[in-house]
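The residues making up each chain are set out below.
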Amino acid sequence: MVIDKTGDLSGRFPHLKRSNYRICSPESKQYNCISWAAGWTDVFCWPNNLSFWPLTYPCEDTEDAFVKFFAMLGYKPCENENQEKEVEKIALYTQGNRVKHAARQLKNGKWTSKLGSSFDIEHELKDLEGDKYGKVVLYLRRPIQAS
Amino acid sequence: MNGMNYSNPAVATATSALTPSEIYLDTAEEFDTSDVVDNYIPWEILLGEAVSLLQRETAAEKELRKKFSELAETWKEETKFLSSISDIIIHPAHMQIIAMGPKAVSLILNRLKEEADLWFWALNFITGENPVTQDIRGNVKAMSEAWLEWGRKNGY
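Chains A and B are the protein sequences, given in the same order.
The opening position of the first sequence corresponds to residue 1 in our numbering, with each subsequent residue numbered one higher.
The opening position of the second sequence corresponds to residue 1 in our numbering, with each subsequent residue numbered one higher.
In isolation and in its complexed conformation, chain A is listed as follows (with noise of 0.2 Å):
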């Protein structure tokens, strides 16, 4: 399916409503949603043995492997999506128990998502669920840390 270049990806994302989202970034294959969730720009991170993944860490794309990936970071299983006070959150798209994506919240209520090697878009959280990422399924959260 080919995407519209004025940036239409509900072809792709059948719940991202055009005046719900918004491109943030250029394209860039330096770096994906795992990275993006976990603030950086510069590193591909996977579960996988050429890509950038703690060596003690479980080798495999399920919540369990992600959550202490994140929990490196400070992060930890909460309950919901809901915005809190001095708090960053992030949520898992998991698809038949594997996970697929990755959000991060931002401080206006909204989500931040790295397309894979395309470009980052803000977006609702629940509007990238679907065929390609799944459902979220998953929150956790950390004190905002120091910029």
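Note that these hints are calculated values from the structure, not bench results.
These figures come from a predicted structure and were not determined experimentally.
Quick reminder that beta carbons are idealized off the backbone N, C-alpha and C, glycines included.
Fair warning: there could be bad hints in the mix.
[Stated by the list, open to error] Heads up, incomplete: computed chain A residues facing chain B, CB under 8 Å, no partners named:
1. Arg-12
2. Trp-46
3. Leu-50
4. His-101
5. Lys-132
With chain A held as given, fit chain B onto it using these hints.
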């Protein structure tokens, strides 16, 4: 000299006194030229066949490049929004490129020269090699350069 038996040592001794041209003339009638005549292929035909073979190989290479290019573009477009390496690797177009085998290596490396991209798994599967060191895992630019260096060292 006709009909002489050259296996006879006496004859060999006698003929050693002859000059080369005399030996040639003397042996010419003994030499059976029928094999040469039967198997002789004019050089024009040989040249034509060589050119034809070269053209067939060039056409095959061109077809391979075209197929690779189509698969690469399909793979790139259909996986651009994916982060899951598993999903990226098992995409049918990527698997077909891997199935091309060693012939795809130079094509992939040419792509890497243009742009750092996620070709590492295909190169690893096809070649069995892995020039990516632990410290650059996940660094797409550095990993691409490692493979390009591997290509230079291996004649690509």
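Do the hints match the structure? See the list:
{"no.": "1", "hint": "Arg-12", "result": "6 Å, holds"}
{"no.": "2", "hint": "Trp-46", "result": "5 Å, holds"}
{"no.": "3", "hint": "Leu-50", "result": "5 Å, holds"}
{"no.": "4", "hint": "His-101", "result": "6 Å, holds"}
{"no.": "5", "hint": "Lys-132", "result": "6 Å, holds"}
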